[in-house]
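Asks: This is what each chain is made of:
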Amino acid sequence: AQKVTQAQTEISVVEKEDVTLDCVYETRDTTYYLFWYKQPPSGELVFLIRRNSFDEQNEISGRYSWNFQKSTSSFNFTITASQVVDSAVYFCALSEAPRAGNNRKLIWGLGTSLAVNP
Amino acid sequence: NAGVTQTPKFRILKIGQSMTLQCTQDMNHNYMYWYRQDPGMGLKLIYYSVGAGITDKGEVPNGYNVSRSTTEDFPLRLELAAPSQTSVYFCASSYAFSSYEQYFGPGTRLTVT
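The listed protein sequences correspond, in order, to chains A and B. According to the working numbering, the first sequence holds residues 2 to 119 in order. According to the working numbering, the second sequence holds residues -9 to 103 in order.
Just chain A, same shape as in the assembly (with noise of 0.2 Å):
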C-alpha cells in the first residue's frame, strides 16, 4: 500500500540553525513521483519540488536542498540556515503512474509543523 510518513509532527528552531525534515514513503511500484509543499501561515500551498523514481540525485536550490534515497525509501528536506519566513507546515506526497484502480490521487503525509523563532 502507498504511505507516506512524516514523523516530526513539530520541529522548533532558531533562526539560522539547519533544520531536516524527514519523509519516509512506501509504494510497490517502480516509477513514482515525490513532492514537497509549503503551507505558511497564510494558508496556501505551495509547490516546492518535484522528483522522480529514477533520478536519485540530490538537488539545491538555495537554502534548500533535499536528499532522496531508495535504499531508504526516504526523500529529506534540509533548510540551511534558517529564517523566520520558513515558519510553515511542510508536506511530503508520493503519486504512482496513473493505471487501473489507481484512482490518480497524491498520497500525502501529514506534515511538519516548522517553526523557525528568532
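It is worth saying that the hints were derived from the structure and are not from the lab. None of the values given here were measured: they were computed from a predicted structure. Quick reminder that beta carbons are idealized off the backbone N, C-alpha and C, glycines included.
Reference excerpt, derived from the structure (chain B facing chain A, CB under 7 Å, subset only):
id	residue
1	G32
2	L33
3	L35
4	G48
5	F87
6	S89
7	E91
8	F94
9	P96
10	G97
With the hints as your guide, set chain B onto chain A.
Replies: Same frame as chain A, now just chain B:
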C-alpha cells in the same frame, strides 16, 4: 496570470443548507482536483477531473458533487451541509497526473453550524 482562483474565501453555512465553491484556473490544465484539509491533517481528495466532461470520485466524495463543463472551471457543490463538512477546501490543477506538480488555489474556509 492568476493561476487557480477560488471563491468565496470564507463561508458559514447552517446545517442542511447547500452551496457551491467556485474554482477557476487559467493555465489550460487538463487535471483539476478538490481537496479538504481538516485541522492537523493532510489533504484528502474529494473529486478530480481529467478534462471537461470527465469527473471521478476521490477518497471522500460523500456529500459532494462536481461538474466540469469547461477546461477552466471545476465547481464543488455541497448538498445538505453537515458539521462534518467544516473544513478548508482547496482546488488544484495540473498539466497531467502523477509526474506534474499541482497548483493550488488559496482555499475556502467553510464552517457548518
